[in-house]
Amino acid sequence: MTTPTSGTISATDIINEFGNSNSNGGMSLGAYRFQSNQTIGSLSFSTLDNGVPTGSDSISYSQMRNKKLSFVVDYHSFSADRDNSTAHIDAQVRWQQGNTTQVGNFKGTPAAGDWNGGKRVYINYNSTFGGVTNNTQSVVALRTGQFWPDNTEMFIEVGGSGKIFGAGGRGGNGCNGNGEGGDGLNGNSALGIDITTTSGNKSCAINVRNGGYIQCGFEGGGGGGGSYDDPSKSQTDPVVSGGGGGGGAGRPVGAGGNAGTGAQKGSNGAAGTNATNTARGLGGGGGDPDEGGSEGGDGGNGAQPGAGGNAEAGEAGSGGNQSNGAGGLIGARGAAIRKRDASCVYTLNIDSGGQVIGDGNPVNTAPLGVN
Amino acid sequence: MKLILKVVEYLEDTQQIVVKFCRKNAPKSIDEYLGGAIEIERLETSYDSQSLIESIMKIGYKEILKQEKNEIPLTDNADIATIEGTDLRDYVGKVFECDSDMMKDRVTRRMKKIIIDDDI
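Protein sequences appear in the order of chains A and B. Quick note: the first sequence, position 76, residue 56 per my numbering, numbers continuous. Quick note: the second sequence, position 33, residue 306 per my numbering, numbers continuous.
Bear in mind the hints are in silico, worked out from the structure with no lab data behind them. Predicted model, so just to flag it, every value in this text is computed and none were measured. A few of these clues could be false.
As the list claims (entries may be wrong) - If you want a taste of the chain B side facing chain A, the calculated C-beta under 7 Å gives, among others:
(1) Q288
(2) V291
(3) P300
(4) L307
(5) G308
(6) A310
(7) I311
(8) K335
(9) E344
As the list claims (entries may be wrong) - Dumping the calculated DSS-like pairs for lysine-lysine here, alpha-carbon to alpha-carbon at most 30 Å:
(10) B:K331 x B:K293
(11) B:K339 x A:K245
(12) B:K279 x B:K301
(13) B:K385 x A:K213
Don't be surprised by glycine CBs; every beta carbon is placed ideally from N, CA and C.
Just need the whole structure built from these sequences, with the hints factored in.
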């Protein structure tokens, strides 16, 4: 702990840890008592630290033993997507840049050199954050940062207005002519834990409060294949293309795959639709011939949360007596929570009304790799 | 077949709607089916309600076809019989199936069997 647990405790020990409670100079022990809760983002602190008296209760130096500073890294006063900016994504960088509020408000952001045996760090996600459209599943919207000082006790607090999304995967494109449909693209991930917790006396606990929400980026659906038909008694030999796949749910949303192209004596498949943060995009319908029974394959739907919400491969073209292109495959799903490697252990508590959708919940399903 | 849709969400910021589709006589509530997102720019919003609804349904129609294809038939309805002959006494109490597409404007015509005798 950061104030002495035994032996002499001085005003300097307390000031070094919490800052000076008296802006006029000499330290006032009584001023460390909270007269009301301190609210920072979605968090509320009733004391400077556990066991420190509040209100008009008597306070002594001995009651300041074995205490340490808590501070909150600000992810509650703004919303951002990695698609637009990468400046905010690393909580360690935000701490080092001074985007924190200290419990008690008696000092500025502590530097690594002031760690003084340990700090309690709250990362308060209480706005909406999205990732970046990227086919690499290990790309995350937000991350803890790797290089926290030893003796860091980290709490990731996803408040009631906190929503963290991985980006949705794009739907595969509808085919060109009677070719194969394009494959759906991968979703990526929401939250990356890259603080090492198996050494240096560090820990990481994630608390998702009522209304808090962490969601993986869902995969896009496959594009539809085309068809080429050459009926022997007709001069109309249609080539029809497939529809685009639907985008996967996420933020940014998965875009729908492009419409098919290159149809002759028939129509092209339609484009897939864009997803929303939480709802899939739909695959576009396959093209139809001017004559005959061939069909372009429908694009598959993108994926979304919930039972039955898996993505669909694109349908193959059908009915063509010359060739029928295969449908595109689905993309792969991102994770809700990932770990940099096995040394990044975390605990996960989800309050009633909170949700964590995707791998990483439960904790033993968290994939490795954070980018 | 009557088709129904339900707009469950209108996202003004992104100009999208989330819609659910099913048959009017589907075996469960439309709320139990998964929806999908559609960009409003793809819809016919400049004319009247019927045009708008039909433009939504054109995008979702294939969802309904998929639902029907994936519905699991009742056990009694799934026990399809196969019979070679045309003696109707053999058909009594059995279940047979046909493809609805074949019922529109055509029926299967079978040719009579012709035996060519090499000895003639």
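Checked hints:
1. Q288: violated (10 Å)
2. V291: holds (5 Å)
3. P300: For P300 (chain B), the interface hint is violated, since the closest Cβ of chain A sits about 15 Å away, which is over 7 Å.
4. L307: Nearest chain A Cβ about 5 Å off; hint holds.
5. G308: holds (6 Å)
6. A310: It holds, given that the least Cβ distance between A310 (chain B) and chain A is near 5 Å, below 7 Å.
7. I311: holds (5 Å)
8. K335: holds (5 Å)
9. E344: violated (13 Å)
10. B:K331 x B:K293: holds (13 Å)
11. B:K339 x A:K245: holds (27 Å)
12. B:K279 x B:K301: holds (14 Å)
13. B:K385 x A:K213: Holds. K385 (chain B) to K213 (chain A) sits at ~25 Å (cutoff 30 Å).
The structure fails hints 1, 3, 9 (numbered hints given earlier, in ascending order).
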